[in-house]
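J.: Positions -29 to -1, 1 to 93 (mature numbering (1 follows the signal peptide of the UniProt record, and there is no 0)) are the ones given, in order, by the sequence shown.
Please keep in mind that the hints were generated in silico from the structure rather than gathered at the bench. Take the hints with a grain of salt, since some may be wrong.
Below 25 angstroms or equal to it, Euclidean Cα-Cα: the simulated DSS-like pairs (lysine-lysine) are [claimed, not checked]:
1. Lys83 - Lys70
2. Lys59 - Lys12
3. Lys70 - Lys59
4. Lys83 - Lys59
5. Lys12 - Lys70
6. Lys12 - Lys83
Simulated DEER-style distance windows between Cβ atoms [stated by the list, open to error]:
7. Ser53 - Ser21: 28 to 36 angstroms
8. Ser14 - Cys44: 15 to 23 angstroms
9. Ala54 - Gln18: 34 to 42 angstroms
10. Phe47 - Ala16: 12 to 20 angstroms
11. Ser25 - Ser53: 15 to 23 angstroms
12. Pro80 - Gln18: 28 to 36 angstroms
Glycine residues also receive a C-beta, built at the ideal position from the N, C-alpha and C atoms.
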Amino acid sequence: MAEKLNLEMLLLPVFLVLLISSNPYMASASIEEANALLDWKASFANQTQSRLPSWNLLSHNASNSKPSTTSPCTWFGIFCNSAGSVIKINIAGFGLNGKLQEFSFSSFPNLKYVDLYMNLKR
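Kindly produce the complete structure, drawing on both the sequences and the hints.
T.: Right, dumping it as structure tokens:
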């Protein structure tokens, strides 16, 4: 009986992780964050937008010619928690020209850290 209880206690965290990761809200939150990042990128001066090429919703898999939607968690300088929500942005030293006023902080409920050193010159 004790072995069965121990097994159940071990499987409970695994089940919870699977449940959380399959939550459609998590996916839509990630897409909302991606769109907010893309809107911010679009506000940069044209000559600096190309410095973040990984920041796009479509990526091409080398083994598959069809584009697929990507999470912002795969983008350069973007770090996410285990639920796929952005927790850190580090794009220091890119010389991006833009305004912080264009950044939608409210779209990132889990954001804890932002490093924009040597950016936002405009």
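J.: Now, for every hint given, state plainly whether the structure supports it.
T.: So, going through the hints one by one against the coordinates:
This hinted pair checks out: Lys83 and Lys70 have alpha carbons roughly 19 angstroms apart, not beyond 25 angstroms. The straight-line distance between the Cα atoms of Lys59 and Lys12 is roughly 16 angstroms, inside the 25 angstroms bound, and the hint therefore holds. Between Lys70 and Lys59, the direct Cα distance comes to roughly 18 angstroms. Compliance with the 25 angstroms bound is thereby established for this hinted pair. Restraint check for Lys83 and Lys59: the C-alpha separation of about 6 angstroms stays at or below 25 angstroms, so the hint holds.
A distance of roughly 10 angstroms separates the Cα atoms of Lys12 and Lys70; the hinted pair therefore holds under the 25 angstroms criterion. Between Lys12 and Lys83 the alpha-carbon distance is near 20 angstroms, which keeps this suggested pair within the 25 angstroms criterion. Distance hint check: the CB atoms of Ser53 and Ser21 are about 31 angstroms apart, consistent with the given range 28 to 36 angstroms. Restraint check, Ser14 to Cys44: a C-beta distance of roughly 22 angstroms satisfies the suggested window 15 to 23 angstroms.
Range check, Ala54 to Gln18: Cβ separation about 35 angstroms, and the 34 to 42 angstroms hint holds. The beta-carbon spacing between Phe47 and Ala16, approximately 19 angstroms, falls within the hinted interval of 12 to 20 angstroms. Roughly 21 angstroms separates the CB atoms of Ser25 and Ser53, a value that falls within the hinted 15 to 23 angstroms. The supplied range of 28 to 36 angstroms is met by Pro80 and Gln18, whose beta-carbon atoms lie about 32 angstroms from each other.
Comparing the model with each earlier hint shows no violations; every hint is respected.
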